[in-house]
Structure formats: C-alpha cells, structure tokens
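*Asks:* Sequence:
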Amino acid sequence: MSKTLPDFVVIYDIGVYDFDGFGILARNPKLTGSFTFCKDYIIGIINPSNPSSIVWGIWDTIPGMADGRYRVPCGIDKWNKELWLTEKSHSSMRDAILFMGELFNILGDIETAVKSGKTEDFHSPDKTHEFWKYYIRGLATFARSAGREIVRKVSLNKEPKRLLDIGGGHGMYSVAFCRKYASMQAVVLDLPGAVEQGKNIVREKGFEDRVRFRQGDLKVTEWGKGYDLVLLFNIIHTVFPEEAPRILARAHQSLNPGGTVVILDSEHTGNEKDLSATSGFNELLFFIINGTCVYPEKDIRKWMTDAGFINLKKKKLLIMPMTLFITGRKPS
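Mapping to full-length UniProt numbering: the sequence shown position 321 is 321, numbers consecutive.
Be aware that one or more of the hints could be misleading.
[As the list claims (entries may be wrong)] Subject to a maximum C-alpha distance of 25 Å in a straight line, what follows is the list of computed DSS-like cross-link-like pairs (lysine-lysine): (1) K225 / K313; (2) K153 / K315; (3) K158 / K298; (4) K115 / K133; (5) K315 / K180; (6) K180 / K298; (7) K199 / K161; (8) K302 / K313; (9) K219 / K298; (10) K180 / K316; (11) K133 / K199; (12) K199 / K158; (13) K313 / K298; (14) K127 / K225.
If you're looking for bench data, these hints aren't it; they were derived computationally from the structure.
Construct the entire structure; sequences and hints are all you get.
*Replies:* So this is what it looks like as structure tokens:
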C-alpha cells in the first residue's frame with residue numbers, strides 16, 4: 001500500500017495489531033531503515049546498533065528519546081485489540097479497514113472528479129488481485145455482522161430451496177440464509193475477481209457444497225430461473241436509472257411464483273432540495289466511484305411494482321440504520 005494512505009490504514013497493512021504487544025522489538029519486512037512512519041501514530045526504529053529491528057506502537061504523546069529509541073506506550077487495551085484488530089479474531093475488522101484504504105485512493109481526487117465529471121469504474125476488470133481481496137473481504141466483514149438480522153427479518157411464505165445472490169461476491173449473505181434453511185442451495189453471480197475471493201471465503205465457512213459461484217456481468221449474463229429468493233444487495237446504486245427497471249424485471253423472471261426479492265441499498269430520502277447528510281454523501285460517493293447515484297425509495301418502489309412485484313414491505317435494520325431494506329413478492 002502507498003505511504004500516502006491514512007495512518008489508521010497503514011497501521012493495519014503493516015500488521016501492528018497482530019503482535020503480542022506495543023513498544024516491542026519486531027522484525028517486519030514492511031518497515032526497513034531508520035525513519036519515522038505515520039508521524040501521529042507509529043515510529044520506525046532509530047537504533048544504529050540493529051537497524052533491522054523495529055520499535056513501534058501507538059502513542060498519545062511523544063515522550064523523550066532514550067537509548068536511541070522512542071518509548072511507546074500502549075493506546076488500546078489488550079482485550080479490545082485481540083477482539084477487533086487482530087487478523088485471526090473471528091470479529092476482526094482488519095479487512096474492512098484495508099478496504100477503506102482502497103476507497104481513500106479513489107476519493108483522494110474528489111475535487112477533480114466533481115469539476116470534470118470524469119469518474120471511476122470501481123468494478124473495472126483491470127483492477128488488481130489486491131484490490132479484489134481488500135474489497136470483497138472488507139464487504140464480507142460487514143455482511144458477517146448484518147447477516148443474522150437480515151435473515152431474521154425476511155418473511156417468507158414457505159421454506160426456500162434455491163437462492164440467487166446477484167453481485168453477492170463474498171457469499172456471506174448466502175451463507176447466512178443457508179444456515180437458517182437446512183435444505184437451501186445458493187448461487188452467487190458476480191465478476192471474476194469477486195468470485196475468486198468469494199470461493200475462498202465460503203470455503204473457510206464450510207459452505208462450499210451449498211453455495212456455488214458463477215462468473216458473469218449481472219447486466220448481460222443469464223440469471224436462470226426456478227429460484228425462491230433473489231438478493232439484490234447493494235446492486236441498484238451500481239447501475240444507471242435506465243438499467244434499474246431491467247434489473248428488477250430480471251429478478252421477477254428468475255423467481256418461482258410466490259418467490260421473494262430482497263433489496264438492500266443505501267438510503268436516499270428523495271428530497272432533492274434539502275438532502276439529508278446520508279443522502280448527500282451517498283450521491284457523491286457513488287458518483288465518484290461508479291458514475292451512478294443512489295435512488296430515492298419511491299423510484300425503487302415504482303420499478304418493483306412495474307416489474308410485477310406485490311406486497312412490498314420495508315423494514316429497518318438496527319445494524320444498518322441508514323439503508324433501504326425492502327422486500328417484494330412475485331404473485332403465486
């Protein structure tokens with residue numbers, strides 16, 4: 001990663017939190033030479049007798065220098081460090097933080113994008129393996145926390161057997177539904193870079209026999225038919241307004257009679273003259289990274305009803321309060 005990234009991202013990339021403590025000597029190939037790194041938080045060794053060793057850690061204030069090294073006090077207690085910050089913890093946020101670094105790389109040139117109208121293709125096939133790793137594993141971190149609540153709040157007429165997860169690269173939402181429904185089989189359709197990472201994640205969870213992956217572009221690849229449940233999670237904001245109705249129509253075609261579509265997307269209040277902070281940020285973010293935008297709830301509801309969905313139901317997610325979470329049913 002670039003040294004121009006925010007300090008908190010660089011700290012994760014270096015792997016500071018995966019050592020046994022702070023202010024200790026450690027060998028790390030990402031830290032070489034005698035230099036100060038991330039001036040607010042982390043210090044490279046200044047020890048001429050052993051330049052391959054590093055003294056580093058989190059500090060609140062910079063104390064005096066002794067024996068050619070900085071003494072670095074601990075800034076985070078051991079329990080919280082191990083729970084949230086280490087790579088091997090079941091609740092680690094490391095991948096999510098590294099994903100923020102990828103966003104930072106794009107948003108760093110926000111002024112140019114706004115002035116010129118030239119935006120990114122966030123899902124470009126030219127993206128690197130490292131990008132897809134941080135991106136998909138970062139999203140999986142959030143999905144891991146949200147999955148149980150989402151599954152609990154999706155009301156179905158009968159137990160579903162087949163699920164189609166559009167653009168669900170990491171597969172964690174499919175895993176969550178498979179955990180609840182013992183006989184369910186899921187298919188995840190996504191781009192090649194996402195599929196590569198998703199297969200590994202699902203395998204780590206032990207669901208590779210029930211969650212399968214297909215490579216393809218959701219706009220052109222056939223979705224197939226005979227599904228009881230279709231997930232469109234963070235998909236609508238990645239397409240242009242003329243494409244969105246077709247996405248809902250394809251979801252309707254893929255479902256069995258009585259099947260359910262579930263939409264999870266970013267919130268937009270729909271008030272163009274007085275946007276909420278969330279709506280405004282979402283509009284700007286997705287314009288910069290995709291050239292698209294977040295759509296008001298009323299527009300999404302219209303696209304759903306035009307596609308043939310009935311019994312539209314909106315629910316609030318406690319773990320994702322600033323999102324739109326809405327379901328619709330295909331008539332029996």
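*Asks:* Each of the hints needs a verdict: does it hold here or not?
*Replies:* Checked hints:
For a cut-off of 25 Å, the pair hint linking K225 to K313 stands: about 23 Å separates their Cα positions. Only pairs whose Cα atoms come within 25 Å are accepted, and K153 paired with K315 is accepted, the gap being roughly 8 Å. A distance of roughly 28 Å separates the Cα atoms of K158 and K298; the hinted pair therefore is violated under the 25 Å criterion. Restraint check for K115 and K133: the C-alpha separation of about 31 Å exceeds 25 Å, so the hint is violated.
Our distance criterion of 25 Å between C-alpha atoms is met by K315 and K180, whose separation comes to about 19 Å. Restraint check for K180 and K298: not satisfied, since their Cα atoms lie roughly 31 Å apart, outside the 25 Å limit. Using a Cα cut-off of 25 Å, the hinted pair K199 and K161 holds, with the two alpha carbons roughly 21 Å apart. This hinted pair checks out: K302 and K313 have alpha carbons roughly 13 Å apart, not beyond 25 Å.
Using a Cα cut-off of 25 Å, the hinted pair K219 and K298 holds, with the two alpha carbons roughly 23 Å apart. Between the alpha carbons of K180 and K316 the distance comes to roughly 20 Å, so the proposed pair stays at or under 25 Å and holds. Among the hinted pairs, K133 with K199 is consistent with the structure: their alpha-carbon atoms are about 12 Å apart, no more than 25 Å. Taking the CA atoms of K199 and K158, the gap is about 28 Å. The hint is violated against a cut of 25 Å.
As the CA atoms of K313 and K298 are separated by approximately 13 Å, the hinted pair is consistent with the 25 Å bound. A threshold of 25 Å between alpha carbons decides the hint, and for K127 with K225 the separation of about 31 Å lies outside it, so the pair is violated.
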